[in-house]
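Keeping the supplied structure of chain A fixed, place chain B upon it in accordance with the hints.
There are 2 protein chains.
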Amino acid sequence: MLDAVATSDDVQALMLDIGSRAKAAARPLAIATTEQKNRALHAMAQAILDSTDVILAANAVDVENGRASGLTGSFMDRLTLDPGRVAAIARGIRDIAELKDPVGEVIAAWERPNGLKIERVRTPLGIIGVIYESRPNVTADAGALCLKAGNAVILRGGSDSVHSSRAIHACLVKGLEKADLPTDAIQLVPVTDRAAVGAMLTGLGGAIDVIVPRGGKSLVARVQSEARVPVFAHLEGLCHVYVDRSADLEMAKKVVLNSKMRRTGICGAAETLLIDRAAVGTHLAPILEALAQAGCELRASPEVQAVFPEAKSATEEDWRTEYLDAVIAVTLVDGVDGAIGHIAKYSSNHTEAILAEDLTAVERFFNEVDSAILLHNASTQFADGGEFGMGAEIGIATGKMHARGPVGVEQLTSFKYRVHGAGQVRP
Amino acid sequence: MLDAVATSDDVQALMLDIGSRAKAAARPLAIATTEQKNRALHAMAQAILDSTDVILAANAVDVENGRASGLTGSFMDRLTLDPGRVAAIARGIRDIAELKDPVGEVIAAWERPNGLKIERVRTPLGIIGVIYESRPNVTADAGALCLKAGNAVILRGGSDSVHSSRAIHACLVKGLEKADLPTDAIQLVPVTDRAAVGAMLTGLGGAIDVIVPRGGKSLVARVQSEARVPVFAHLEGLCHVYVDRSADLEMAKKVVLNSKMRRTGICGAAETLLIDRAAVGTHLAPILEALAQAGCELRASPEVQAVFPEAKSATEEDWRTEYLDAVIAVTLVDGVDGAIGHIAKYSSNHTEAILAEDLTAVERFFNEVDSAILLHNASTQFADGGEFGMGAEIGIATGKMHARGPVGVEQLTSFKYRVHGAGQVRP
Numbered sequence: 001m002l003d004a005v006a007t008s009d010d011v012q013a014l015m016l017d018i019g020s021r022a023k024a025a026a027r028p029l030a031i032a033t034t035e036q037k038n039r040a041l042h043a044m045a046q047a048i049l050d051s052t053d054v055i056l057a058a059n060a061v062d063v064e065n066g067r068a069s070g071l072t073g074s075f076m077d078r079l080t081l082d083p084g085r086v087a088a089i090a091r092g093i094r095d096i097a098e099l100k101d102p103v104g105e106v107i108a109a110w111e112r113p114n115g116l117k118i119e120r121v122r123t124p125l126g127i128i129g130v131i132y133e134s135r136p137n138v139t140a141d142a143g144a145l146c147l148k149a150g151n152a153v154i155l156r157g158g159s160d161s162v163h164s165s166r167a168i169h170a171c172l173v174k175g176l177e178k179a180d181l182p183t184d185a186i187q188l189v190p191v192t193d194r195a196a197v198g199a200m201l202t203g204l205g206g207a208i209d210v211i212v213p214r215g216g217k218s219l220v221a222r223v224q225s226e227a228r229v230p231v232f233a234h235l236e237g238l239c240h241v242y243v244d245r246s247a248d249l250e251m252a253k254k255v256v257l258n259s260k261m262r263r264t265g266i267c268g269a270a271e272t273l274l275i276d277r278a279a280v281g282t283h284l285a286p287i288l289e290a291l292a293q294a295g296c297e298l299r300a301s302p303e304v305q306a307v308f309p310e311a312k313s314a315t316e317e318d319w320r321t322e323y324l325d326a327v328i329a330v331t332l333v334d335g336v337d338g339a340i341g342h343i344a345k346y347s348s349n350h351t352e353a354i355l356a357e358d359l360t361a362v363e364r365f366f367n368e369v370d371s372a373i374l375l376h377n378a379s380t381q382f383a384d385g386g387e388f389g390m391g392a393e394i395g396i397a398t399g400k401m402h403a404r405g406p407v408g409v410e411q412l413t414s415f416k417y418r419v420h421g422a423g424q425v426r427p
Numbered sequence: 001m002l003d004a005v006a007t008s009d010d011v012q013a014l015m016l017d018i019g020s021r022a023k024a025a026a027r028p029l030a031i032a033t034t035e036q037k038n039r040a041l042h043a044m045a046q047a048i049l050d051s052t053d054v055i056l057a058a059n060a061v062d063v064e065n066g067r068a069s070g071l072t073g074s075f076m077d078r079l080t081l082d083p084g085r086v087a088a089i090a091r092g093i094r095d096i097a098e099l100k101d102p103v104g105e106v107i108a109a110w111e112r113p114n115g116l117k118i119e120r121v122r123t124p125l126g127i128i129g130v131i132y133e134s135r136p137n138v139t140a141d142a143g144a145l146c147l148k149a150g151n152a153v154i155l156r157g158g159s160d161s162v163h164s165s166r167a168i169h170a171c172l173v174k175g176l177e178k179a180d181l182p183t184d185a186i187q188l189v190p191v192t193d194r195a196a197v198g199a200m201l202t203g204l205g206g207a208i209d210v211i212v213p214r215g216g217k218s219l220v221a222r223v224q225s226e227a228r229v230p231v232f233a234h235l236e237g238l239c240h241v242y243v244d245r246s247a248d249l250e251m252a253k254k255v256v257l258n259s260k261m262r263r264t265g266i267c268g269a270a271e272t273l274l275i276d277r278a279a280v281g282t283h284l285a286p287i288l289e290a291l292a293q294a295g296c297e298l299r300a301s302p303e304v305q306a307v308f309p310e311a312k313s314a315t316e317e318d319w320r321t322e323y324l325d326a327v328i329a330v331t332l333v334d335g336v337d338g339a340i341g342h343i344a345k346y347s348s349n350h351t352e353a354i355l356a357e358d359l360t361a362v363e364r365f366f367n368e369v370d371s372a373i374l375l376h377n378a379s380t381q382f383a384d385g386g387e388f389g390m391g392a393e394i395g396i397a398t399g400k401m402h403a404r405g406p407v408g409v410e411q412l413t414s415f416k417y418r419v420h421g422a423g424q425v426r427p
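Protein sequence lines, in the order shown, are assigned to chains A and B. First residue of the first sequence: 1, per UniProt numbering; consecutive thereafter. First residue of the second sequence: 1, per UniProt numbering; consecutive thereafter.
Lysine-lysine pairs mimicking BS3-like chemistry, simulated, CA-CA at most 30 Å apart: (1) A:LYS345 with A:LYS312; (2) A:LYS117 with B:LYS345; (3) A:LYS23 with A:LYS178; (4) A:LYS117 with B:LYS100.
Just so you know, these hints were derived from the structure itself, not from any lab. Keep in mind the model is a prediction, meaning the values are calculated, not measured.
Next comes chain A alone, as it looks inside the complex (with noise of 0.2 Å):
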């Protein structure tokens, strides 16, 4: 492998030869068996049990180095492997193997008048390039969910976390030469030029079908502004729950509180609470007072602040913000059509949740409300391919555009027709 190259143009080069490799690879693994694949699957898994040692050698380097250079402290955690997340990562490759697989599955047939029986068939999408920061277990994660779907893969791993993305890759290619696949089928980007990112952006030459970019906004608004080619992400995840004044009131406390407080960091987080202002006299104490006792931060309108007056002033830009924090924004809303507007103004489409017993209210939220995941009753941090039964996500979508919410397996296949006739001629 080249760890460092001279010129943009060798990039360039080395880029265009990993695209045309791709290429090459993405034939015969559209029509690899199953059976095949999850040899292979499970092959990585056992190779990168046996390689537990070599693994963190070589995470224990990107440690070193990540210390060096001052990297923080979720940022190291994310970085650093133990024996216990090696175990983890070869056990989420076995549960991949597991998954059914989606290439050649029917999704619809029918027969036409004039005998011609037509079948939509799901088929790999091609070549996924995914673009990621230092988290080494997405080189396994998305490399093996990738290979489940048929598709080719080029994956572009932080710099930050490169001597474990490599350790890890050889046990997938190891696993691909047991199953006789291609092991260009998932490819490495053996550079950390930052070029090397721009070359995939372009698509390299019609190779990549669709870019997944895993890590912070600041990469995937990148991603979103300069790919040329379609882009499975979602920026954030400004989260809404509306209690409507229908609300089982202490249903409302244990979502609400598992919805923000659960885990502050994931996309599925709420970050605005928007109340009914017919339930101001009942709802808004109780609520606030549950989140203020486990540490969430208010930061409130002042309708709100002169019921609970520990909050603190919200401003505009608070109904703009993903906290990932334990802070939450709190406002008023005119029932369902209120909150409606408001999340149609300030939301990221991403996950809104309606706390209601009122089915009419449930109904219009439901309807109009334009966003990937909407839930009733339930906490937003179900926003989550594990937590839909899709198994293994490689991340979530808001786009519109062939996948969104959670995209798993199914979600990174595409679909063709097969007609059979009995020699048919259009009239």
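What follows is chain B alone, placed relative to chain A:
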């Protein structure tokens, strides 16, 4: 309406305003009822019939201008309306009203072990941009189809049909008014400036979700290369018919003839004929004879010419040419493997057919050829949304994202997840 705009800044401002209006219209449109949308469609059809004289008078101006600027026969034919064609436009809109409303359809539903009930439900895509050449009927077809799926649409027709398109568009607006739908739901770009197309291709500041080009190869090529938003299109339909050694000869003659000669100018017309080398003695001459007798020019490889000397010599360019005319390229291949290889190299991934009785060969062809539509023992000319039973189509897509094959009302939708709970929180 503006007929001319002074500067490109003016065009830019005008187009951004159109984008904002479409956005404002999209929300009420997305929650319009089926009844309301159908009421609008029927009112549009009626308005078109009632305005036949006005439409024909406007069309006469376009036809006169076209004649004066020396437009060609087939172009003039597509441009020219008569009372029958106007009635057909109205009938087309009524047919779209009859289609099932895709919005709100539950595509999938399942329950999780924790009791969460998850549904995947169709929603409108949002805002469609349609860029087309001088077929005035596209104004009505595209406007009606987008409306049925709850989408706002921005139509940019060719300058040669501007008067006809405006007269038809006025009828669509009347229909929207009668159903109390926002009149900005179907906007016709009021300027013929080419900068308007450029503005649409950038997405009008995030307003446009997808662009559909309708027209010749140069239009589609420009849209595909310049668009910064997703595109539903096919650049060309370089369709192949493969005749296997196991093919029934009489059926093969009939299907090849129909695939090539029924209409030579449509994207589903066959352009290359691949004949199994093992069928040279049995199938080759009778099939080529039938084509020649029907007036089709044959461009063949030397091996084919050895058996059928009347054929002209094919060059490498012929395997890459979409003739859209009574011409076909013919070569031999080594069975289904050879056919798959040739198609992988030259196809535009639109539509391919295999003529065979050997179902093993058919299965390999269906699994390994990566085109939007694959047919067994049926004419390639069935590559059409209407023939698939989808009703009207806005075009055929060869991309792999979101829509592939015929793009009908269902393909103009996205989806969201609706999750019903009973107070579940995530552990």
